[in-house]
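Undergrad: Sequence:
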Amino acid sequence: MKKFITLLGLTLSLSACSSINTPPMMAQLDLNKVNFSEISKKAEDCEYYILGLIGPFGSHSVVEAAMKGDISKVIAADYTYSSKILYANRCVVVYGK
Numbered sequence: 021m022k023k024f025i026t027l028l029g030l031t032l033s034l035s036a037c038s039s040i041n042t043p044p045m046m047a048q049l050d051l052n053k054v055n056f057s058e059i060s061k062k063a064e065d066c067e068y069y070i071l072g073l074i075g076p077f078g079s080h081s082v083v084e085a086a087m088k089g090d091i092s093k094v095i096a097a098d099y100t101y102s103s104k105i106l107y108a109n110r111c112v113v114v115y116g117k
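79 is the number that the numbering used here gives to position 59 of the sequence shown; each next residue is one higher, with no gaps.
These aren't lab readings, by the way, just hints derived from the structure by calculation. The reader is advised that the hints may include incorrect statements.
[Unchecked claim] Label-pair restraints from in silico Cβ distances:
1. 100 with 52: 20 to 26 Å
2. 33 with 61: 40 to 46 Å
3. 96 with 31: 34 to 40 Å
4. 56 with 22: 55 to 61 Å
5. 98 with 31: 29 to 35 Å
6. 70 with 92: 33 to 39 Å
7. 33 with 56: 40 to 46 Å
8. 93 with 33: 42 to 48 Å
9. 93 with 29: 48 to 54 Å
10. 53 with 88: 24 to 30 Å
11. 62 with 28: 38 to 44 Å
12. 105 with 61: 30 to 36 Å
13. 101 with 50: 20 to 26 Å
14. 106 with 57: 38 to 44 Å
For every residue, glycine included, the Cβ atom is placed at its ideal position computed from N, Cα and C.
With these hints in hand, go ahead and build the complete structure from the sequences.
TA: Structure, rendered in structure tokens:
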């Protein structure tokens, strides 16, 4: 039992050291050229991690997010990341029409 508690404590303490990689923002958007009146829909697709070690569950895909939101023309995409004590999620948010 003592070994289990030690292993559990070590796992929980090391799970805070894990990280989730986010793709680099290669195609940065010039906001002066965006017509924000064209953006009529917003959709997101997320993936989830448990303890930072187990997962991902989900796809985190621009294409999947566009399909979920019935978006035929993607105007902009953004990434969000949220981390709690036991789980974390990262989402791609797609804007378009």
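Undergrad: Would you mind marking each hint as holding or not holding in the structure?
TA: Here is what the structure says about each hint:
{"no.": "1", "hint": "100 with 52: 20 to 26 Å", "verdict": "holds, 24 Å"}
{"no.": "2", "hint": "33 with 61: 40 to 46 Å", "verdict": "holds, 42 Å"}
{"no.": "3", "hint": "96 with 31: 34 to 40 Å", "verdict": "holds, 38 Å"}
{"no.": "4", "hint": "56 with 22: 55 to 61 Å", "verdict": "holds, 60 Å"}
{"no.": "5", "hint": "98 with 31: 29 to 35 Å", "verdict": "holds, 32 Å"}
{"no.": "6", "hint": "70 with 92: 33 to 39 Å", "verdict": "holds, 34 Å"}
{"no.": "7", "hint": "33 with 56: 40 to 46 Å", "verdict": "holds, 45 Å"}
{"no.": "8", "hint": "93 with 33: 42 to 48 Å", "verdict": "holds, 46 Å"}
{"no.": "9", "hint": "93 with 29: 48 to 54 Å", "verdict": "holds, 50 Å"}
{"no.": "10", "hint": "53 with 88: 24 to 30 Å", "verdict": "holds, 26 Å"}
{"no.": "11", "hint": "62 with 28: 38 to 44 Å", "verdict": "holds, 40 Å"}
{"no.": "12", "hint": "105 with 61: 30 to 36 Å", "verdict": "holds, 33 Å"}
{"no.": "13", "hint": "101 with 50: 20 to 26 Å", "verdict": "holds, 24 Å"}
{"no.": "14", "hint": "106 with 57: 38 to 44 Å", "verdict": "holds, 41 Å"}
The structure fails none of the hints (numbered hints given earlier).
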